[in-house]
Amino acid sequence: MSRPRGISFRLAALLLLASGLSILAGKVWIPPGALFSGDLAALVISELRLPRIVLGILVGAALGLAGAVMQGWLRNPLADPGLFGVSASAAFGAVLSLFLGLGTSPLALALFALGGAATGMATLALVVGRSDSIVLFTLAGLLLSSLAGSLTTLLISIAPSPFLTSEIVTWLIGALSDRSWGDVAIAAPFVALGTLLLATTAPALDALTLGEAAARSLGVDMRRLLVTVVLGVGLIVGASVAVAGVIGFVGLMVPHLVRPLVGNRPGALLVPAALAGALLVVVADALVRIIPTVSEIRLGVVLSLLGAPFFLLLLARLRRTLA
Amino acid sequence: MLTARDLHLVLLGRTVLDGVSATLQPGRVLAVLGPNGAGKSLLLACLAGVRRPDAGEVTLDGLPLARLAPRARARAIGLLPQRSDIHWDIDGETLVGLGRLPHAGRWGLAPEDEAAIEAALSATDTAALRRRPVRRLSGGEQARLLLARVLAGTPRVLLADEPFASLDPAHQLDMLQRLRAVAAGGAAVAVVLHDLTQAARLADDALLLREGRVLAAGPAGRVLAPGPLEEAFDVPVWRGTGRDGGPILVPGAVAPLGIAPACYPAAG
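For the protein sequence lines, the chains are A and B, in the order given. Position 285, counted from 1, in the first sequence is what the numbering used here calls 285; the numbers after and before it change by one each time, with no gaps. Position 199, counted from 1, in the second sequence is what the numbering used here calls 1199; the numbers after and before it change by one each time, with no gaps.
With the rest of the complex left out, here is chain A:
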């Protein structure tokens, strides 16, 4: 019991350290002494870097937690909100709001993204129904993902102006650049609510280690669990896509990296996965700012470049254990 808690403390300390360093890091390095000087440097920190880091923590924690919950729920180490089409649905919602000219209002964009995520999760739940077939769920997710992707592409192809097209395409590659406290204010309540919902699933996820019949016999209400997971994942993934665009692979990678540290217990994984997700996104976003390129590399690209090979390695390892 004390082991997962120790891991969480260590991850929290690392996250604090990384966030502190990240405040100082960027195109312009700011020495620690300038933090309280009240001049331009302090303004850069309070209005540019701090909201960006807070948003990185929110988004990273949301994706890590969503991945951990979905993997535990489906008892599938390959589950990820991105792979199952939830982020694609949220992205379609956001793109729709851009297409309709509502993109200037961050709240409208966020609501559309949330609506998209919720629709996606509800569709999955409807298709899969009470079946606990992982294959069925994965196929439904793939289908949903490609459907939402096609709808997004449709909107891009019929966009009336090249400016709109480029706005949509840029937005689709997730990033944390040019974010403000306003974005934090939009995402935070949804992420908080979704996190609270998902935190209650820990004992049920533990019970599901033994399969659905055993979990039911241990008092797990599978219906309620389904609703909680759909709502919780929809809320936090929708909110994070709304403010940061699509950032893939965090929800897939992070639970894998952390799982062995908590003795593979799915319920004990939730807090460390959220912390590690935040850590990964904060560090990757700091790297994006430090790497000297003409225009900043977008965070979503970096994480996909890291994530895709990781996923391949994972498949290769799974193949060995399945063989």
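No lab work stands behind these hints, which were simulated from the structure alone. Where hints are given, some of them may not hold.
A few chain A residues that face chain B, going by a derived Cβ cut-off under 10 Å, partial list only [claimed, not checked]:
{"#": "1", "residue": "G6"}
{"#": "2", "residue": "R10"}
{"#": "3", "residue": "A13"}
{"#": "4", "residue": "N76"}
{"#": "5", "residue": "P77"}
{"#": "6", "residue": "L208"}
{"#": "7", "residue": "A213"}
{"#": "8", "residue": "G219"}
{"#": "9", "residue": "V220"}
{"#": "10", "residue": "D221"}
{"#": "11", "residue": "P260"}
{"#": "12", "residue": "R265"}
{"#": "13", "residue": "A268"}
{"#": "14", "residue": "E296"}
Far from chain B by the CB rule (all over 10 Å, computed), these chain A residues [stated by the list, open to error]:
{"#": "15", "residue": "G20"}
{"#": "16", "residue": "I30"}
{"#": "17", "residue": "T119"}
{"#": "18", "residue": "S146"}
{"#": "19", "residue": "L151"}
{"#": "20", "residue": "I168"}
{"#": "21", "residue": "L210"}
{"#": "22", "residue": "L218"}
{"#": "23", "residue": "L287"}
{"#": "24", "residue": "R298"}
{"#": "25", "residue": "L305"}
{"#": "26", "residue": "L306"}
{"#": "27", "residue": "F311"}
{"#": "28", "residue": "L313"}
From the three backbone atoms N, C-alpha and C, an ideal C-beta is built for every residue, glycine too.
Following the hints, complete the assembly by docking chain B onto the known chain A.
Positioned in the frame of chain A, the structure of chain B alone reads:
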């Protein structure tokens, strides 16, 4: 006492339970037997409250299961499912600790939880496996840990679905003794199994199912006899007595040479 009254269940248009009644009494073991597809596992699922029958009801000490909160029901009734996949490579103690989930408070395990886990580990002789990753254990070791998981919940009713499958003979005998010990401790026990001799040696009562109906029910000595068994399984059954005085039941035309035909009634 767990009582099922007139259970009906229809799955995919097929009637899989057709008016099944059963009673599980404290301190007694009920063996549930029948051909494949007779509805044994579904009956157990209904008794455990994890599946709701279309008609009829299951009551725990007179209280309908449907009216019990899931956690309260889970504290009273333990189910050892037939196919227990272990999906994550947790260690033995964590696996057994899952049995405490219906009891556990919000903040982890209380001393009585720890005590119940220790008792379950020692009752199943699995204390040595507490730090071992379960997916790397043998089938027999896993089966003992899964039984320990149910025992850790200190249920008043234990339902086990083919707990002997995938166990070698020594571990089968071992499991049989442990299930008897659970009943001796005052719990009501129901076991689905296929081995006739094991059933006759384990059970106080027996229930024979065929095509969703009860073919025979009552004291094991009366139900687990060639007549009802041959009707249920459509094969000849020979009943003899072992050197230990216990019954031996073998399907097939296998009466030892020199046994008078009277002891070996023909099929049908």
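**Request:** State the violated hints by number, sorted upward, taking the hints as numbered earlier in the document.
**Result:** Hints 1, 2, 3, 14, 21 and 22 not satisfied by this model.
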